Amino acid sequence: SQELEQSPQSLIVQEGKNLTINCTSSKTLYGLYWYKQKYGEGLIFLMMLQKGGEEKSHEKITAKLDEKKQQSSLHITASQPSHAGIYLCGADTGNQFYFGTGTSLTVIP
Amino acid sequence: DTAVSQTPKYLVTQMGNDKSIKCEQNLGHDTMYWYKQDSKKFLKIMFSYNNKELIINETVPNRFSPKSPDKAHLNLHINSLELGDSAVYFCASSQDSMGLGSYQETQYFGPGTRLLVL
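Chains as they are written, first to last, in our numbering: chain A, 1 to 109; chain B, 1001 to 1118.
Misleading hints may appear alongside valid ones.
Said to hold, decoys possible - Straight-line alpha carbon distances no greater than 25 Å define the calculated DSS-like cross-link-like pairs of lysine-lysine that follow:
| id | chain 1 | residue 1 | chain 2 | residue 2 |
| --- | --- | --- | --- | --- |
| 1 | B | Lys-1052 | A | Lys-27 |
| 2 | A | Lys-27 | B | Lys-1036 |
| 3 | B | Lys-1009 | B | Lys-1067 |
| 4 | A | Lys-68 | B | Lys-1041 |
| 5 | B | Lys-1041 | B | Lys-1019 |
FYI, nobody ran anything at the bench for these hints, they're computed from the structure. Quick caveat, the model's predicted, so the values are computed rather than measured.
Please work from the sequences and hints to get the whole structure.
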């Protein structure tokens, strides 16, 4: 089993719709990172969460960390075609860094 | 079966030495990457190879030289190691069968190599 599970694996939404991607760790989280994968540029850092209950927003993307559940969610409000891509979470468990399985997001205009 | 493997997992060495980190993927992917994770856990891409050809070469010192003997392997050789090279290095691969462009593929990461330069 994966140390870091992401769901859903893929997501297709109509432009303007809201969506949520989840990332669940089997280990205690010391830090949770969200990235967007972009070919030709590598990973693009989106946000980092460290404290339980922490929430951060950037433009229309909001990420939350529920430390008790060892889970984080990435929420996109009013999705746009520019949001399409692969979203990846990364987890710092103290002595190891794990990556999620990735979520492919397609936004239909 | 391990999809993306790196060796060694830990590497402790003296300043000035030359060392290599190996990466292998058994996923049949066309593209492989090397990332450096800094002290804040941020990942920065260093190199990317597609079918043994270099396609991304970010601003890294010439002391870092990637070598891809075949598309399943992308090794990272580092000459004259410096203290600032200490970091975790991650290898990744993706199936970029569409070639260069806007097509986006999930990258699969190795477990990381923890390099400590003394």
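So, going through the hints one by one against the coordinates:
no. : hint                     : verdict
1   : B:Lys-1052 to A:Lys-27   : violated, 36 Å
2   : A:Lys-27 to B:Lys-1036   : holds, 23 Å
3   : B:Lys-1009 to B:Lys-1067 : holds, 19 Å
4   : A:Lys-68 to B:Lys-1041   : holds, 22 Å
5   : B:Lys-1041 to B:Lys-1019 : holds, 22 Å
Of the hints listed earlier, the one the structure fails to meet is number 1.
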